[in-house]
Each structure stands twice: as C-alpha cells, then as structure tokens.
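Chemist: Just so you know, the sequences run in chain order U and A. Position in the first sequence (from 1) plus 3 gives the number in the numbering used here. Position in the second sequence (from 1) plus 3 gives the number in the numbering used here.
Don't read these hints as lab results, they were simulated from the structure. C-beta: ideal position from N, C-alpha, C; glycine also. Honestly, I wouldn't trust all of these hints.
[Stated by the list, open to error] Straight-line C-alpha distance at most 25 Å; calculated SDA-like pairs for lysine to any residue:
1) Lys257/U to Arg333/U
2) Lys5/U to Asp212/A
3) Lys5/A to Glu205/U
4) Lys5/U to Gly204/A
5) Lys5/A to Ala23/U
6) Lys5/A to Gly211/U
7) Lys5/U to Met4/A
8) Lys5/A to Asp236/U
9) Lys257/A to Pro27/U
10) Lys257/A to Ala23/U
11) Lys5/U to Arg229/A
12) Lys257/U to Ala42/A
13) Lys5/A to Met4/U
14) Lys5/A to Glu228/U
15) Lys5/A to Lys257/U
16) Lys5/U to Lys257/A
[What the hints assert, rightly or not] Just a sample of chain A residues kept apart from chain U, beta carbon distances all over 12 Å, derived:
17) Pro78
18) Gly99
19) Gln306
20) Asp316
21) Glu321
There are 2 protein chains.
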Amino acid sequence: MKKLINDPRSVVDEALEGVALAHPELLTVHRDPAFIARAQGATSGKVALVSGGGSGHEPLHGGFVGFGMLDAAVPGPVFTSPTPDPIVAATKAVDGGAGVLHIVKNYTGDVLNFETAADLAEAEGIEVRSVIVNDDVAVKDSLYTAGRRGVAGTVLIEKIAGAAAERGDDLDAVTAIAERVNARVRSMGVALTAPTVPHAGEPSFTIGDDEIEIGIGIHGEPGRERIGLEPADAIVDRILGPILEDLPFESGQKVLLFVNGMGGSPLVELYIVFRRAAQVLGERGIEVARSLVGNHVTSLEMQGFSISVLALDEEMIELWDAPVQTAALRWGR
Amino acid sequence: MKKLINDPRSVVDEALEGVALAHPELLTVHRDPAFIARAQGATSGKVALVSGGGSGHEPLHGGFVGFGMLDAAVPGPVFTSPTPDPIVAATKAVDGGAGVLHIVKNYTGDVLNFETAADLAEAEGIEVRSVIVNDDVAVKDSLYTAGRRGVAGTVLIEKIAGAAAERGDDLDAVTAIAERVNARVRSMGVALTAPTVPHAGEPSFTIGDDEIEIGIGIHGEPGRERIGLEPADAIVDRILGPILEDLPFESGQKVLLFVNGMGGSPLVELYIVFRRAAQVLGERGIEVARSLVGNHVTSLEMQGFSISVLALDEEMIELWDAPVQTAALRWGR
Numbered sequence: 004m005k006k007l008i009n010d011p012r013s014v015v016d017e018a019l020e021g022v023a024l025a026h027p028e029l030l031t032v033h034r035d036p037a038f039i040a041r042a043q044g045a046t047s048g049k050v051a052l053v054s055g056g057g058s059g060h061e062p063l064h065g066g067f068v069g070f071g072m073l074d075a076a077v078p079g080p081v082f083t084s085p086t087p088d089p090i091v092a093a094t095k096a097v098d099g100g101a102g103v104l105h106i107v108k109n110y111t112g113d114v115l116n117f118e119t120a121a122d123l124a125e126a127e128g129i130e131v132r133s134v135i136v137n138d139d140v141a142v143k144d145s146l147y148t149a150g151r152r153g154v155a156g157t158v159l160i161e162k163i164a165g166a167a168a169e170r171g172d173d174l175d176a177v178t179a180i181a182e183r184v185n186a187r188v189r190s191m192g193v194a195l196t197a198p199t200v201p202h203a204g205e206p207s208f209t210i211g212d213d214e215i216e217i218g219i220g221i222h223g224e225p226g227r228e229r230i231g232l233e234p235a236d237a238i239v240d241r242i243l244g245p246i247l248e249d250l251p252f253e254s255g256q257k258v259l260l261f262v263n264g265m266g267g268s269p270l271v272e273l274y275i276v277f278r279r280a281a282q283v284l285g286e287r288g289i290e291v292a293r294s295l296v297g298n299h300v301t302s303l304e305m306q307g308f309s310i311s312v313l314a315l316d317e318e319m320i321e322l323w324d325a326p327v328q329t330a331a332l333r334w335g336r
Numbered sequence: 004m005k006k007l008i009n010d011p012r013s014v015v016d017e018a019l020e021g022v023a024l025a026h027p028e029l030l031t032v033h034r035d036p037a038f039i040a041r042a043q044g045a046t047s048g049k050v051a052l053v054s055g056g057g058s059g060h061e062p063l064h065g066g067f068v069g070f071g072m073l074d075a076a077v078p079g080p081v082f083t084s085p086t087p088d089p090i091v092a093a094t095k096a097v098d099g100g101a102g103v104l105h106i107v108k109n110y111t112g113d114v115l116n117f118e119t120a121a122d123l124a125e126a127e128g129i130e131v132r133s134v135i136v137n138d139d140v141a142v143k144d145s146l147y148t149a150g151r152r153g154v155a156g157t158v159l160i161e162k163i164a165g166a167a168a169e170r171g172d173d174l175d176a177v178t179a180i181a182e183r184v185n186a187r188v189r190s191m192g193v194a195l196t197a198p199t200v201p202h203a204g205e206p207s208f209t210i211g212d213d214e215i216e217i218g219i220g221i222h223g224e225p226g227r228e229r230i231g232l233e234p235a236d237a238i239v240d241r242i243l244g245p246i247l248e249d250l251p252f253e254s255g256q257k258v259l260l261f262v263n264g265m266g267g268s269p270l271v272e273l274y275i276v277f278r279r280a281a282q283v284l285g286e287r288g289i290e291v292a293r294s295l296v297g298n299h300v301t302s303l304e305m306q307g308f309s310i311s312v313l314a315l316d317e318e319m320i321e322l323w324d325a326p327v328q329t330a331a332l333r334w335g336r
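With the rest of the complex left out, here is chain U (with noise of 0.2 Å):
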C-alpha cells in the first residue's frame, strides 16, 4: 500500500486537521463527535442541511459545506458510515430554527445511523426531514445496499436543495426540490483500478490490467460486469445508455452533464468522457445546459468515472447558477 498517510487509524483525523488549518475562513471541524460545519455556524431562520457518510470520498462532503450548499458534513471512518452521535451533534448545531434536512446516500448503514440520529434530534425539538440519495442505476440490492445506491447525484442534490434553502425556502419546499432533483438526476461508473482502504491495506477488489468494471459503486462494490478495455467512446456509449433509457430522457429535455472523477483518472481523460457523453446527448436532441467536469465524489485513489445526468427545469438551472462558496464548488460570490 503506497499512501501519503502516517498511520492507517488516523487517516480521516489528521485530513480533518488538515482541512481545519486549510479554511479557517470558511469551515470549523468539531471534534469529539467529529463534523465539519460553516465557520459561522448556524444561520438563524434559514432550514440546514447536513450530510455525511463514510470518508474516502472528498471533496464529498466536507468540500461542499458553506454558503448555498451544506451546513455541516459528518465524515465516517474510510468507507464507513459515522454514528448516530455525530450526526445529532451537526444537526443541532446548525439548527436555526427552520428546521434540518438530512442528506443521505443509499446504503444500510448510512440510512440506518441517520434514522437514528433523526429520531434524536426530533426528541429534543429539532424538525428533521430526511431524502435519501439512490441515483445510481447501474445495480439494485448489491453490497451494504437495499435498492439503488446513492452516487455522484449527491452533489448536486446538495447544491440545488442548498441555494433553494439559502433563497428561504421552507422545509417542506427544500425537501421537495430535493426529492425533485434525486428522481431526475441518473448515474452511472465505471472502475479502471481498484481503491486501497488504508486499515485493510490490500485493493478492494482484484482487476486485470486489461479489464475494467461496468457499473462500479464508489465503495469499490461490484457493478454490473467485468469486460476488456476498450476505447473511451466506447465506454461511455456503454453507460450513458441505461442513463438515459432509465430517466427516460426525453428529446428537447435540458440537462446538466457531470462527469466525475473517481479519484486516480487525470482530468484530460475526463474531458475525452465528456466530448463523446456531450456528443451522445446532442444526437439523442437531449440539451446540455449546463455542465460539470472533475473529482467530486471519489472513491480513494481509484481509476474510473462516473456520468450523472440530471434533467433540468428552469427553477432548478436558477438553483445551480445561484452563488455557491464551498472549499470544492464556487462561484458567483
């Protein structure tokens, strides 16, 4: 195992440290229980959000706490769903009066701690409503995993639900744009290399050096089949059609493109997925409106992406473009 770590048990403490000493101006890292939330802590009237999961997965979702996206994130161990504990902790400190909404994505533990942890909060007070993330279409009932798992859609779960709570909406009216954008919103990877968890210290799962897995989840659990290599077009054909057959997408239908990183795939192959998705879209009539390219929600050092393809309305392109200021996603303030 190659890693710029010190220790396998304290990977996600000292990268919180890290993260601490990096963005003082935006973020506070709570320890004892550990969460990461907005420097300014809660804001009075306005509904939250919080999510989390296992760690692994960054910029997910501490990169994405601050102004019209998270108040707080709640990281795990590596892969690891965190307890209920933590995740009380974050919701009651960015509490400010409007109410939580928990951002989770499909799988047991996750969806099992959360739960908890909501029922907690309501029992001292705090109104919690809960939408769980289940984007991805490539596999149902897989590993830690009953239904679709929640994937790359996350994000932008997170930021159009964020910019929604920012403008003032309600709980219920966050919840619902929330609920509107996971059944739009369809993803799928694919895995080129194996990640190494740093307290298991072997690969997750073993992968010729001519082979490559089809409908990879971002814990390295197994997707839908393991076929040669082939061409990046290829590929991309391979995937973005159950995509758009499952939504379905519809010709005339405005879109935003995301192709995600899976960590350990450099950015120019990143682009070579986007022209050949961009240019499957366009001959289907589907529109890219709007569109977003990089590592988001990785999976370790892992080689592969992912295409998440989100039908648009116009409240929603309102959502995306509105201000953003978060350690991974910024723009226009």
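Place chain A on chain U using the hints.
Modeler: Same frame as chain U, now just chain A:
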C-alpha cells in the same frame, strides 16, 4: 496502459473538444492552430496573459483561462512544448492593444518556442514580455531544463498577474508583479508512482512498490533522490526544509501555502500533507495567510504532490483575493 482514451494520437484534440463542449460560456477552443481563449476574445486596453506548455498537466493551463487570470492557453502534445505557430496565433488573438505577457515554465523547448513566438508577434507590432517561471528548488540543470524547472508556482503567478492585468495595470507593472511572485515562490514535489504518456505506452520511469522519488519534476524527470516510502509527515519535512531555506522564509512572514496534487493522489491525502506543512510553518513562526489544496498542476495520473510556498506582501494578497472566473479556479464573482 490503462486509460480512458480512444487513440494515443488524439488525446489532446479530443480533450480540447471536451473542454469546448463543457465550458462554452467561458472558453473558445481554436483549432489549426490549437489554443484556448476567453469566449469573448480580446479585452480592449487590458494587458493580455498567455501561457502554455505540454499537455498532461491539466487543469494547467486551459483551466486557468478566464476573467482575472489568463487570456489564452496554448496546449502542446502531452509533455511536449507547443510550437511557435499556435503561440503567435494566441498572442495575436488576445492582444487588446496594451501588450501581452507570456508566462513560460522553464523548460528548454518552451522557452525557445515562446521566444520565437514573441519575436514573430513583435514583428507584427504586438508588444510582448515574458516571465520565465523557475520555482522548483529540487534540482538545477536537469533533463529538459537549464536552471531550475517551473512547476506549481505557475498557478500563483497566473492568478496574481492576471488580477493585476484585470485592474488595469500596464505591461511593465504586470510583468513586474509576475517577476516578483516568481522571485518569492519556492516549490518541490514527490512522486509515489510514474505517469504514463499515452503515445509512449509505458510508465515514464520505474519505481518500486516501497519507493518514492523526492524532488520529482512534472514530466517524470528524476529528482534529488530515490528513498523508501516514509510516513507522510516525514516526507513533508524532507521537502519543506529545502523550500523554506531557499528564499529563505523568515519568521513573521505571511505566506500562501499551496499543496498541489500530481493527479493520482486522493484529496484526503493532500489534506494530511497540508496539515503537516502548516504545522511546520507554524513552528517556524511563518503565518499561513492564504491556502490552496488540490490537483492544479498535474503529471497525468501520477500519485504524489508538491508543496509551494509564496512569501506574500499586501498587494499580492489583494490580487490573490480578487475575483477569478475560470474552469478550475473561481471565486468572488
């Protein structure tokens, strides 16, 4: 070779097509000869900034074209300087009548081709100045370079000089501040793995499973020494010492601390590196006044990082904080 590409010969062309499709509101990608410019073209009366160099370092340089930073970027083949032709074309396309500053990383091919291009553009009546970036303290007179190499400090020069040009500084003043940043920034890098140039098909160098290269260049050029893998903190200490002693950085100095990923290392590791670097600076009484963490000057999929430290003055802080709107760096607008 396991990459998301179609043909090793078309990597740069197809990635440029992807860039054009992903950022039409921000960038125009010109072909024959190839360069990336701001979508709105030249800004009348403003000093224009043009940079470029081999591809494979993305987002450098194309990702830094836009308001507050570069006016154009000229991508060569992977790890190979662009020829004078596209540099001349880019220079002419973005000249707004106030002259053009070329920002050139110190590699023999880049320096030669930018010099030739500057001569050709001047023959057509455009005033051109150049700053040669040479921030890498690792080695002198290495492969491809006479003197020190230009590495991640380039981003800081492009940002700060770009802000000076945007506020209306003339060519002398913009050149002076670019030179001043170059004179006050020091960098050094480390590799855990080797990059693979697509048309070469093989890793640029061989490195053992338990070895790292200290002082690596951004094209896989050899560094100072090959050592066994160490804890992250020890690696940071090894490269931060030579960086800090070179200027030297004095106690009480405000600095910008930039932890740059080489492309294949996950963000969680870069924050572990940032943590230690900030600790060491703190122990020496050096104040981290600004920070940057992420994959900005990469070497394809190489795992590793570099640290750059810039001795700030008040003007540099103001220019660093000024609005920027590019594909890879965006804030305040």
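Chemist: Does each hint fit the structure? Answer for all of them.
Modeler: Here's how the hints hold up against the structure:
Between the alpha carbons of lysine 257/U and arginine 333/U the distance comes to roughly 23 Å, so the proposed pair stays at or under 25 Å and holds. Distance restraint check for lysine 5/U and aspartate 212/A: the Cα-Cα separation of roughly 7 Å lies within the 25 Å cut-off, and the hinted pair is therefore satisfied. Annotation: proposed proximity of lysine 5/A to glutamate 205/U holds, straight-line Cα distance about 20 Å (limit 25 Å). A hinted pair counts as satisfied when its Cα atoms are at most 25 Å apart, and lysine 5/U with glycine 204/A qualifies at roughly 23 Å.
Simply put, lysine 5/A and alanine 23/U have alpha-carbon atoms about 36 Å apart, too far for the 25 Å limit, and the pair is violated. In summary, the hint linking lysine 5/A to glycine 211/U is supported, as the alpha carbons are separated by about 10 Å, within the 25 Å threshold. Among the hinted pairs, lysine 5/U with methionine 4/A is consistent with the structure: their alpha-carbon atoms are about 20 Å apart, no more than 25 Å. For the given pair, lysine 5/A sits about 14 Å from aspartate 236/U by alpha-carbon distance, which is consistent with the 25 Å threshold.
A C-alpha spacing of about 15 Å is found between lysine 257/A and proline 27/U, which places the hinted pair at or below 25 Å, so the restraint holds. Between lysine 257/A and alanine 23/U the CA atoms are separated by roughly 18 Å; this keeps the pair inside 25 Å, and the hint holds. Distance restraint check for lysine 5/U and arginine 229/A: the Cα-Cα separation of roughly 15 Å lies within the 25 Å cut-off, and the hinted pair is therefore satisfied. Proposed proximity of lysine 257/U and alanine 42/A is supported: the alpha carbons are some 22 Å apart, at most 25 Å.
At roughly 20 Å between alpha-carbon atoms, lysine 5/A and methionine 4/U fall within 25 Å of each other, so this suggested pair holds. At roughly 18 Å between alpha-carbon atoms, lysine 5/A and glutamate 228/U fall within 25 Å of each other, so this suggested pair holds. Taking the CA atoms of lysine 5/A and lysine 257/U, the gap is near 33 Å; set against the 25 Å cutoff, the hint is violated. Among the hinted pairs, lysine 5/U with lysine 257/A is inconsistent with the structure: their alpha-carbon atoms are about 33 Å apart, more than 25 Å.
For proline 78/A, the requirement that its beta carbon stay farther than 12 Å from each beta carbon of chain U is not met, with the minimum near 9 Å. Non-interface call for glycine 99/A relative to chain U: holds, since the shortest CB-CB distance, roughly 25 Å, exceeds 12 Å. Under the 12 Å C-beta cut-off, the non-interface status given to glutamine 306/A relative to chain U is violated; the minimum distance is some 7 Å. Remark: the non-interface label on aspartate 316/A is consistent with the geometry, its nearest Cβ contact in chain U lying 20 Å away (cut-off 12 Å).
Once the 12 Å rule is applied to beta carbons, glutamate 321/A is consistent with being away from chain U; the minimum gap is 16 Å.
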